[in-house]
Amino acid sequence: MTKPRNLLLWALALVVVPGLIAYACAPKAPKAARTAAGATSDIAQAALKTYVAPGDLDEYYMFSSGGHSGQVYVYGVPSMRHITTIPVFSPYPATGYGFDDDTKKMLGGMNWGDAHHPALSETNGDYDGRWLFINDMNARVARIDLRDFKTKQIFGPVPNVSGNHASSFITPNSEYALMGSRFSIPVPKGTYVPVERYAAEYKGVVAGIKIDPKSGELSLGWEILMPPFDYDLGDGGKGPSDGWAFFSSYNTERATGKLEVTASQRDRDYIAAVNWREAQKAIDEGKGDMLGGVKVLDPKKVPGVVYFLPCGKSPHGVDVSPDGKYLVGSGKLQGVTTVFNFEKVLTAIRNKDFTGDEDGIPVLKYEDIKDAEVPVGLGPLHTQFDDKGYAYTSLFVDSAIAKWKLGTWEVVDKVPMSYSTGHLCVAGGDTAHPNGKYLVGLNKLSHGRHLSVGPSQPESSQLVDISEEKMKLIYDAFTEPEPHYAQMIKADKLHPIEVYPKEESHHPLAIWDVKDAGLTRNGDKVTVKVAEVRSTITPTAIEVNEGDTVTLAITNIEQTTDELHGFGLLDYNFNIVVDPGETKTVTFKADKAGVFPYYCTNFCSALHQEMQGYLVVKPKKG
Amino acid sequence: MNALHSSSRRLLESPIGRTPRWLLVVAALLLIPSYLSPLWTLTMFAPQYPDGLRLYIYSYRLDGGNHGQDVHEVNVLNHYIGMRDLSSADFTEFKWIPFVVGGLALLFLRAAVHGQLGHALDVLVLYLYFAAFALWSFGFKLWTYGHNLSPQAAVHVDSFMPPIFGYKKLANFEVYSYPGVASYMLAAVVVVLAIALWLGWRERDRSATL
Numbered sequence: 001m002t003k004p005r006n007l008l009l010w011a012l013a014l015v016v017v018p019g020l021i022a023y024a025c026a027p028k029a030p031k032a033a034r035t036a037a038g039a040t041s042d043i044a045q046a047a048l049k050t051y052v053a054p055g056d057l058d059e060y061y062m063f064s065s066g067g068h069s070g071q072v073y074v075y076g077v078p079s080m081r082h083i084t085t086i087p088v089f090s091p092y093p094a095t096g097y098g099f100d101d102d103t104k105k106m107l108g109g110m111n112w113g114d115a116h117h118p119a120l121s122e123t124n125g126d127y128d129g130r131w132l133f134i135n136d137m138n139a140r141v142a143r144i145d146l147r148d149f150k151t152k153q154i155f156g157p158v159p160n161v162s163g164n165h166a167s168s169f170i171t172p173n174s175e176y177a178l179m180g181s182r183f184s185i186p187v188p189k190g191t192y193v194p195v196e197r198y199a200a201e202y203k204g205v206v207a208g209i210k211i212d213p214k215s216g217e218l219s220l221g222w223e224i225l226m227p228p229f230d231y232d233l234g235d236g237g238k239g240p241s242d243g244w245a246f247f248s249s250y251n252t253e254r255a256t257g258k259l260e261v262t263a264s265q266r267d268r269d270y271i272a273a274v275n276w277r278e279a280q281k282a283i284d285e286g287k288g289d290m291l292g293g294v295k296v297l298d299p300k301k302v303p304g305v306v307y308f309l310p311c312g313k314s315p316h317g318v319d320v321s322p323d324g325k326y327l328v329g330s331g332k333l334q335g336v337t338t339v340f341n342f343e344k345v346l347t348a349i350r351n352k353d354f355t356g357d358e359d360g361i362p363v364l365k366y367e368d369i370k371d372a373e374v375p376v377g378l379g380p381l382h383t384q385f386d387d388k389g390y391a392y393t394s395l396f397v398d399s400a401i402a403k404w405k406l407g408t409w410e411v412v413d414k415v416p417m418s419y420s421t422g423h424l425c426v427a428g429g430d431t432a433h434p435n436g437k438y439l440v441g442l443n444k445l446s447h448g449r450h451l452s453v454g455p456s457q458p459e460s461s462q463l464v465d466i467s468e469e470k471m472k473l474i475y476d477a478f479t480e481p482e483p484h485y486a487q488m489i490k491a492d493k494l495h496p497i498e499v500y501p502k503e504e505s506h507h508p509l510a511i512w513d514v515k516d517a518g519l520t521r522n523g524d525k526v527t528v529k530v531a532e533v534r535s536t537i538t539p540t541a542i543e544v545n546e547g548d549t550v551t552l553a554i555t556n557i558e559q560t561t562d563e564l565h566g567f568g569l570l571d572y573n574f575n576i577v578v579d580p581g582e583t584k585t586v587t588f589k590a591d592k593a594g595v596f597p598y599y600c601t602n603f604c605s606a607l608h609q610e611m612q613g614y615l616v617v618k619p620k621k622g
Numbered sequence: 623m624n625a626l627h628s629s630s631r632r633l634l635e636s637p638i639g640r641t642p643r644w645l646l647v648v649a650a651l652l653l654i655p656s657y658l659s660p661l662w663t664l665t666m667f668a669p670q671y672p673d674g675l676r677l678y679i680y681s682y683r684l685d686g687g688n689h690g691q692d693v694h695e696v697n698v699l700n701h702y703i704g705m706r707d708l709s710s711a712d713f714t715e716f717k718w719i720p721f722v723v724g725g726l727a728l729l730f731l732r733a734a735v736h737g738q739l740g741h742a743l744d745v746l747v748l749y750l751y752f753a754a755f756a757l758w759s760f761g762f763k764l765w766t767y768g769h770n771l772s773p774q775a776a777v778h779v780d781s782f783m784p785p786i787f788g789y790k791k792l793a794n795f796e797v798y799s800y801p802g803v804a805s806y807m808l809a810a811v812v813v814v815l816a817i818a819l820w821l822g823w824r825e826r827d828r829s830a831t832l
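Chains as they are written, first to last, in the working numbering: chain V, 1 to 622; chain R, 623 to 832.
What the hints contain is simulated information worked out from the structure, not anything from laboratory work. Hints are supplied without guarantee of correctness; some may be wrong.
[Unchecked claim] Reference excerpt, derived from the structure (chain R facing chain V, CB under 7 Å, subset only): (1) 695; (2) 700; (3) 776; (4) 779.
These figures come from a predicted structure and were not determined experimentally. Glycine included, each C-beta is placed from N, C-alpha and C at the ideal position.
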């Protein structure tokens with residue numbers, strides 16, 4: 001006879017076994033087949049290193065500036081697939097950017113921008129994945145929130161700054177995004193001075209744009225009036241150089257006219273070293289002169305804020321090493337790149353070991369502060385670093401990338417690029433702890449490396465494997481004009497949302513039930529709450545009078561990934577796209593009588609074609 | 623006749639031992655998960671839903687995967703075939719099942735305290751009746767959803783019975799329907815009660831017969 005204890009065990013088994021079966025039955029994912037390949041040749045190795053199988057994800061995000069497209073391109077690395085475009089300084093009908101009331105206002109009537117240098121926000125000198133900042137030549141800096149990959153703020157135009165090229169490089173705890181004028185003008189803007197009086201009366205400006213540590217909101221920190229040089233690139237110091245910001249400059253000749261000649265006469269130009277803590281302190285103490293509506297520091301009156309480090313010749317990049325001890329200044333018209341020792345810079349400043357000054361800014365002695373001239377090759381532009389103590393410098397004229405060792409200053413490898421590399425981008429290459437592994441050369445010329453597309457040619461971005469001693473070119477990608485600089489961040493540092501949660505919606509005109517859709521009139525002002533959900537736009541007809549000012553508040557009431565809806569109104573100049581859970585408004589004057597179809601422009605569902613309605617505009621009487 | 627009656631009464635009143643009493647307590651404890659975890663889970667995959675949509679039927683509410691969003695998504699999809707929205711308000715089961723389960727738990731404990739064979743028999747019979755009715759009720763609800771499709775729907779499909787157990791292909795969806803942990807616990811209650819009854823029967827007053 002079975003004992004009660006055994007029976008209990010049996011009962012337990014009867015409970016547990018079906019439980020396990022049920023767990024095994026409910027599948028976690030649909031079945032998919034995948035094949036693996038093995039190969040040994042260099043080409044096959046490169047293919048394996050860059051092949052990201054269908055359905056698999058890339059290891060890194062790369063944010064490439066879109067140059068004069070005014071946008072940011074998002075790539076996956078190592079596949080080099082272009083994943084999406086983030087519109088920043090120019091309208092982009094594909095996402096409706098610049099057409100709805102809010103983004104239109106943010107663009108401020110400007111339909112172009114020239115975005116060169118993206119900068120990921122940093123904490124303790126490493127990317128923290130919160131924001132991406134990017135400059136515009138029109139004296140603006142924008143903030144993209146990496147929670148939803150959307151442009152949230154365009155700050156500027158900042159007074160007195162003209163041609164904001166040396167931007168938006170960031171300090172190690174995202175205290176500031178930098179600004180520097182590539183063009184000097186008589187300030188404030190609007191002042192007339194003939195170009196012949198350039199050397200004495202035109203001014204450059206460098207500035208720090210303060211970043212709110214919580215919200216990321218941008219505001220003006222400090223501005224410094226500078227000699228009329230062309231301020232080119234920048235970087236924030238870190239570690240021992242924390243508290244300092246560096247700007248490269250050329251045309252220290254103060255020349256005008258044919259700059260390619262006139263600005264290339266001196267063997268040395270300058271790197272400006274700005275003590276930003278001192279600058280902020282001076283502004284907070286109320287120092288500086290009002291210029292163009294803001295307080296601007298004049299180094300003559302506020303000493304100790306800025307110094308010039310001589311650097312050969314017409315430098316482009318000024319890049320701080322991961323440990324913050326060295327500055328690498330790349331004179332683009334020579335064959336070496338110069339390494340400055342920041343400790344020596346501080347000593348020279350302490351000892352007041354100057355050779356002279358430029359408009360009151362002390363100039364240090366080159367020989368005092370230089371640690372090495374590294375013979376990298378012709379036309380060095382920009383340097384980034386890896387995790388193993390190597391530096392990588394792009395060579396525009398040589399069309400190559402040089403790899404060299406920090407400390408020994410020895411060039412150990414070179415890899416040819418196709419062609420004419422501007423900036424380069426190493427994963428985490430401007431942080432305190434670079435990832436290494438991948439490097440992308442952002443090349444200006446691509447001719448012959450892709451199917452011909454006529455005279456308007458794309459640029460090229462080439463992926464280089466830097467995980468081993470020898471660099472290996474492993475992929476060619478082509479990009480629309482025009483990536484200047486890029487930032488590469490490990491994919492697991494970003495956690496974007498894919499729908500706007502209904503609970504977070506605070507838009508006063510948002511609706512969440514199609515029953516709430518409809519029109520309210522206040523005189524000749526009409527507000528229409530519109531709901532979009534598969535596969536109807538509610539209301540399906542909107543009747544207004546000719547001459548009415550109409551505000552459409554369009555809410556996409558979906559909460560499902562990738563269920564975007566559009567709202568295009570035919571014969572009117574807008575197309576809106578609303579993401580799941582998002583509300584956007586668009587205001588227009590119904591100035592034409594007649595019937596105008598509207599429809600969902602962003603393909604959403606099997607009955608997407610049916611998702612349409614009519615704006616009926618009643619003609620004025622008489 | 624009288625003898626039979628009194629002997630069956632003796633049988634039903636015959637005390638049960640410690641083990642069956644504890645088993646009744648265990649049965650009551652096994653009811654707890656039906657307040658905590660789903661009774662049934664429906665998982666749906668389609669090419670455009672590689673991560674799947676999930677519906678969780680609890681004893682007292684309907685929930686979906688993706689923070690509840692999947693319920694809304696299933697409703698959006700169902701509106702194309704003219705199916706009524708799934709909503710917790712439609713399920714009267716969500717009101718009476720938790721109440722009845724609580725009542726049954728009290729009866730299990732009562733039987734454990736009194737320790738008579740008849741009580742154990744009563745709760746088993748009541749429980750089987752409850753389980754069968756609840757299952758039928760849910761099944762009928764699903765049948766109703768699948769058979770009352772609006773004739774004006776954009777996409778016409780034949781009336782259908784959503785799967786209750788196992789796999790079914792519905793249009794572009796693979797639908798898997800399986801009981802949840804709570805249901806396995808509810809099924810285990812039957813086993814535990816049956817064992818309690820059987821042990822009690824074995825130790826019954828030998829003089830009594832049915």
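* Hints violated by the structure (numbers, ascending) -> Per hint list: 2 and 4 violated.
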